[in-house]
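S.K.: Listed here are the chains, written in short residue letters.
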Amino acid sequence: DAGVIQSPRHEVTEMGQEVTLRCKPISGHNSLFWYRQTMMRGLELLIYFNNNVPIDDSGMPEDRFSAKMPNASFSTLKIQPSEPRDSAVYFCASRRAGPYTQYFGPGTRLTVL
Amino acid sequence: DQQVKQNSPSLSVQEGRISILNCDYTNSMFDYFLWYKKYPAEGPTFLISISSIKDKNEDGRFTVFLNKSAKHLSLHIVPSQPGDSAVYFCAASVNAGNMLTFGGGTRLMVKP
Numbered sequence: 001d002a003g004v005i006q007s008p009r010h011e012v013t014e015m016g017q018e019v020t021l022r023c024k025p026i027s028g029h030n031s032l033f034w035y036r037q038t039m040m041r042g043l044e045l046l047i048y049f050n051n052n053v054p055i056d057d058s059g060m061p062e063d064r065f066s067a068k069m070p071n072a073s074f075s076t077l078k079i080q081p082s083e084p085r086d087s088a089v090y091f092c093a094s095r096r097a098g099p100y101t102q103y104f105g106p107g108t109r110l111t112v113l
Numbered sequence: 001d002q003q004v005k006q007n008s009p010s011l012s013v014q015e016g017r018i019s020i021l022n023c024d025y026t027n028s029m030f031d032y033f034l035w036y037k038k039y040p041a042e043g044p045t046f047l048i049s050i051s052s053i054k055d056k057n058e059d060g061r062f063t064v065f066l067n068k069s070a071k072h073l074s075l076h077i078v079p080s081q082p083g084d085s086a087v088y089f090c091a092a093s094v095n096a097g098n099m100l101t102f103g104g105g106t107r108l109m110v111k112p
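Top line first, the protein sequences correspond to chains A and B. The numbers in the working numbering rise by one with no breaks, and the one at position 31 of the first sequence is 31. The numbers in the working numbering rise by one with no breaks, and the one at position 26 of the second sequence is 26.
Simulated from the structure, these hints should not be mistaken for laboratory data. Predicted, not measured: the structure shown is a model, and the values here were computed from it. You may find that some hints are simply not true.
In silico DSS-like cross-links for lysine-lysine, where the CA-CA straight-line distance does not exceed 30 Å [as the list claims (entries may be wrong)]:
1) B/K71 to B/K54
2) A/K78 to B/K37
3) B/K54 to B/K68
4) A/K68 to B/K37
5) B/K71 to A/K24
Which bits of chain B does chain A cover? Going by a derived footprint, with three or more residues having C-beta under 8 Å, they are [unchecked claim]:
6) 38 to 44
7) 99 to 110
Looking from chain A toward chain B, a few residues come up when the C-beta cut is under 10 Å (computed) [what the hints assert, rightly or not]:
8) F33
9) I55
10) V89
11) P106
Backbone N, C-alpha and C define an ideal beta-carbon position, used for all residues, glycine too.
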């Protein structure tokens, strides 16, 4: 069974450009999470969805960040415009309903020049 | 304000010996705790968890201990193996819910 799939694995872009990160959760999982990992703040939750509906986006740093989940098998995290301080590793995770473990994807390493 | 803290950024252990990784939390509402392991260029991988109704959970070489009065948990790895070298994160949630709060991680190095 395939795990959580993220693309691209690496993204290098220039300040001001739009960046879109993609995630395919594990089939059958109904919760999806976006995390960001930085040296300063560690691993922090940005937003999560239950059954494709955004439940808590309090971790989204500012309006430049947006996330969507149009269906159960796909989600995007968009940054527009991007800034150098957005450089980080972005992880997507998913889990089944209930108190179950979150399974993480391999991450997207974003570098904004 | 860090609600979950791992005060040791790194730990070095000899192969075959015990590794003990520590984690402290401040939010008394946390009732479900997890440990994740992370290798470079990979996402965190679930290792073991414990509910607040227990004080110990064991899975093979890995044991997690929870001391609720001290708001402290620890992960014991016995015996340690070189393949255990990774960054270990503890995480906590309220009502075993969706929102995990992670510690800053401890880098474990197991020397052959």
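S.K.: Next step is simple, just say for each hint if it's right about the structure.
M.R.: How the hints compare with the structure:
1. B/K71 to B/K54: holds, 13 Å
2. A/K78 to B/K37: With a Cα-Cα distance of about 27 Å, the restraint between A/K78 and B/K37 holds, given a limit of 30 Å.
3. B/K54 to B/K68: holds, 10 Å
4. A/K68 to B/K37: Distance of about 28 Å is within 30 Å: holds.
5. B/K71 to A/K24: violated, 36 Å
6. 38 to 44: It holds, with 4 qualifying residues against the three required.
7. 99 to 110: holds (count 7)
8. F33: A/F33 check passes; min Cβ-Cβ to chain B is 7 Å, inside 10 Å.
9. I55: A/I55 check passes; min Cβ-Cβ to chain B is 7 Å, inside 10 Å.
10. V89: holds, 9 Å
11. P106: Constraint on A/P106 satisfied, holds at 5 Å.
Checked against the numbered hints above, the structure breaks only hint 5 and satisfies the rest.
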